[in-house]
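Chemist: Chains U and S, in that order, give the protein sequences.
In this text, residue positions in the first sequence follow my numbering: the first is 67, and each later residue adds one.
In this text, residue positions in the second sequence follow my numbering: the first is 253, and each later residue adds one.
To be clear, the hints were calculated from the coordinates, so they are not data collected in a lab.
Bear in mind that the values here come from a model prediction, so they are computed numbers and not experimental data.
Take these hints with a grain of salt, some might be off.
[To be verified] Distance windows between CB atoms, simulated: (1) U:Leu118 with S:Leu525: 17 to 25 Å; (2) S:Arg371 with U:Gln96: 30 to 38 Å; (3) S:Phe691 with U:Leu118: 18 to 26 Å; (4) S:Phe622 with U:Ile137: 47 to 55 Å; (5) S:Thr721 with U:Ile139: 53 to 61 Å; (6) S:Phe622 with U:Leu97: 53 to 61 Å.
[To be verified] Beyond 10 Å from chain U on every Cβ pair, some chain S residues (computed): (7) Gly401; (8) Val406; (9) Ala410; (10) Ser421; (11) Phe448; (12) Leu553; (13) Gly605; (14) Phe622; (15) Leu679; (16) Leu688; (17) Phe691; (18) Val706.
[To be verified] Examples of chain U residues lying across from chain S (beta carbon under 7 Å, computed): (19) Val113; (20) Leu149; (21) Ile153; (22) Tyr154; (23) Ala161.
Heads up, the beta-carbon is just placed ideally off N, CA and C, and yes, glycines get one too.
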Amino acid sequence: MTRVRVTRPQAGASTPAQRPETAEESEVGQLFVRSLIRSQLRLALVVAGGFLLLLVALPFLVAAVPGLDEISIAGIPFAWLLLGAGIYPLIALSAWLFIRTAARNEERYRDLAGER
Amino acid sequence: MNPAVGIAAFASISIATALIGFYGLRVSRTTGDFYVASRTVRPWWNASAIGGEYLSAASFLGVAGLILLSGTDALWFPIGYTAGYLMLLLFVAAPLRRSGAYTIPDFTEARLDSRPVRRVTSLMVVLVGWLYIVPQLHGAALTIRITTGLPSWVGPVAVTSVVILTVVSGGMRSITFVQAFQYWLKLTALAIPVVFVLLLLLGSNLPAVAPPAENPTGAAPTGLYQNISLLVALLFGTLGLPHVLVRFYTNPDGKTARRTTLIVLGLLSVFYLFPTLYGLIARIYAPDLARAGQADAVVLLLPGRLVGGTAGDLLSALVVAGAFAAFLSTTSGLVVSLAGVISQDVLGGGVRGFRLAAVVSAVVPLMFAFLTDSLALAGSVGLVFAFTASTICPVLLLGIWWRGLTDVGAITGMLTGGALCGGAMVLGAIYGSNALPPFVAQPAAWTVPAAFAVTVVVSRVTSHRIPATLTRVMTRLHVPERPLGP
Chain U
67 MTRVRVTRPQ AGASTPAQRP ETAEESEVGQ LFVRSLIRSQ LRLALVVAGG
117 FLLLLVALPF LVAAVPGLDE ISIAGIPFAW LLLGAGIYPL IALSAWLFIR
167 TAARNEERYR DLAGER
Chain S
253 MNPAVGIAAF ASISIATALI GFYGLRVSRT TGDFYVASRT VRPWWNASAI
303 GGEYLSAASF LGVAGLILLS GTDALWFPIG YTAGYLMLLL FVAAPLRRSG
353 AYTIPDFTEA RLDSRPVRRV TSLMVVLVGW LYIVPQLHGA ALTIRITTGL
403 PSWVGPVAVT SVVILTVVSG GMRSITFVQA FQYWLKLTAL AIPVVFVLLL
453 LLGSNLPAVA PPAENPTGAA PTGLYQNISL LVALLFGTLG LPHVLVRFYT
503 NPDGKTARRT TLIVLGLLSV FYLFPTLYGL IARIYAPDLA RAGQADAVVL
553 LLPGRLVGGT AGDLLSALVV AGAFAAFLST TSGLVVSLAG VISQDVLGGG
603 VRGFRLAAVV SAVVPLMFAF LTDSLALAGS VGLVFAFTAS TICPVLLLGI
653 WWRGLTDVGA ITGMLTGGAL CGGAMVLGAI YGSNALPPFV AQPAAWTVPA
703 AFAVTVVVSR VTSHRIPATL TRVMTRLHVP ERPLGP
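Isolated chain U, as found in the complex:
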């Protein structure tokens, strides 16, 4: 996949102000939109992939590290703690990271498309 770098137009060579609707339908506008979609998709895939990798790795970790499954806290075995409670903060963290970055991608798009 070739990556297209989209940069803000130089201050001197500014195009006449366009209405946002027409701006999005112009060729340059579509370039911005495509780049926004690509960056959002890449972000979503990275977060999903990272989370799933961790999710799959955890049971193997329990099985692979000797003695880990014999640890118990307050009578509750480690595997129970990990699967029953430990994964949820991980989900929330992934979600939070995603939301922050997705909003930043949109900010950048707005800057580029001159919507502000």
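Starting from the structure of chain U, add chain S where the hints point.
Modeler: Only chain S this time, still in chain U's reference frame:
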């Protein structure tokens, strides 16, 4: 258990639901109100409502039952149910809200500019909804039988009647408040008894009957393939649940849709700690509940069993009320979204059509529920997720992110996924899922990729049918809303 406890609990939940429904009636006037609450619902309300609607019989009763039966393997269920929302957030939440569609068929029609796609999507949505309501009604039958001793049919009939009453009278606006209330009710109903039980256990030094790792039924562990297949079903199935998606249209914009989803994730994470605790406590202190063949009732029976006396009765009443809240909220959420689809596609929209459609969408699964036997609740809901993941999810994901999707590709993909997964489910219903090889009992791991592959390949072959509206629609899905004001 004292039968009066169960009846009182169900009556008070029904009355509370109906009251909030009627109260909400006064604020809902237009057709738009009936469908999606005019998009004026705040994130916290909306997130509570999503949680309330999502946490069904499978979560409230089934998860603890399954943990009691099969231990740590069952912990993948709540993880999948929660992580499904992460996938929803990553791939669907904001674009779907920005699409501006009311229902999933609205979305696919707008995206692919095609009426036939709309029809097939509607069919799938209705199937998914009906399949999902049936386990709720089975849960109601089980709860009524166990807690009151009344015949099983009373439960499903009562739930269906209350749902029809609230949906027909108030529409989505009141449903939002009802659902939000029911999330917090369900959480309280699980949390208070389990805290009591824990305090009691700490104080009394009751002897552990079995160590938690022991499998009280001796059932074979489910194995790696099944766990993976289950996760695929739950992660991708959540993306396509009609009653969940309709909630996203009630957010004012894409950004709020994401925030709402984040709150939902938090609410679900907190909630699932409790069924897990019930399952774990039951494994240690009351493993015989599994052998009676009614593991799904463990949440209902545990407080009475370990606490006993009047306190036990009160706690049981609370849990029973929570269970009915679960059946009512999920069923009414599904009925609302099904009625939206049926009334728009068959009855030409309008408030009258919506009401008629609501009755139809609630009564049909009631018939199904009478004709079928109750499986383990968490398991049968897991199969519905597999079906959704094999039909609606590919079209939704590819529609949002891939420009190459065509109407023919979407239709063949949905039909292929539906036929494969539906076929496996029918086999499971006929022969019993234990008698079947794992790949039939838990089909998502291959039916979901198959549906995706067929959709992509057929779309590629028919690429001349890519709609002319593509650029405009994709822009609308992904470009952030313009901030109001200067």
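Chemist: Hint check: is the beta carbon of U:Val113 less than 7 Å from a beta carbon of chain S?
Modeler: 6 Å, holds
Chemist: Please check whether the beta-carbon of S:Leu679 is more than 10 Å away from every beta-carbon in chain U.
Modeler: Check passes; 28 Å lies beyond 10 Å.
Chemist: Does the CB of U:Ile153 sit less than 7 Å away from some CB of chain S?
Modeler: Interface hint status for U:Ile153: holds (5 Å vs cutoff 7 Å).
Chemist: Quick one: work out the minimum CB distance from S:Ser421 to chain U and report holds if it exceeds 10 Å, violated otherwise.
Modeler: Check passes; 36 Å lies beyond 10 Å.
Chemist: Compute the least Cβ-Cβ separation between S:Leu553 and chain U, then decide whether it is above 10 Å.
Modeler: Holds, because the least Cβ-Cβ distance between S:Leu553 and chain U comes to about 21 Å, which exceeds 10 Å.
Chemist: Can we trust that S:Phe448 is non-interface, i.e. its beta-carbon lies farther than 10 Å from all of chain U?
Modeler: Since the minimum Cβ distance to chain U is about 18 Å, S:Phe448 lies beyond 10 Å and the statement holds.
Chemist: Is it correct that the beta-carbon of S:Val706 has no partner in chain U closer than or equal to 10 Å?
Modeler: 22 Å, holds
Chemist: Range first: 17 to 25 Å. Now tell me if the beta carbons of U:Leu118 and S:Leu525 are that far apart.
Modeler: 22 Å, holds
Chemist: Tell me if the beta carbons of S:Arg371 and U:Gln96 are separated by a distance inside 30 to 38 Å.
Modeler: The hint (30 to 38 Å, Cβ to Cβ) holds, given that S:Arg371 and U:Gln96 are roughly 31 Å apart.
Chemist: Does the nearest C-beta of chain S fall within a distance shorter than 7 Å of the C-beta of U:Tyr154?
Modeler: Holds, about 4 Å.
Chemist: Take a look at whether the Cβ-Cβ distance between S:Phe622 and U:Leu97 falls inside 53 to 61 Å.
Modeler: Taking Cβ atoms as reference, S:Phe622 and U:Leu97 lie about 58 Å apart, which means the hint holds.
Chemist: Quick check: does the Cβ-Cβ distance between S:Phe622 and U:Ile137 fall within 47 to 55 Å?
Modeler: At 49 Å between Cβs, range holds.
Checked against the numbered hints listed earlier, the structure breaks none of them; every hint is satisfied.
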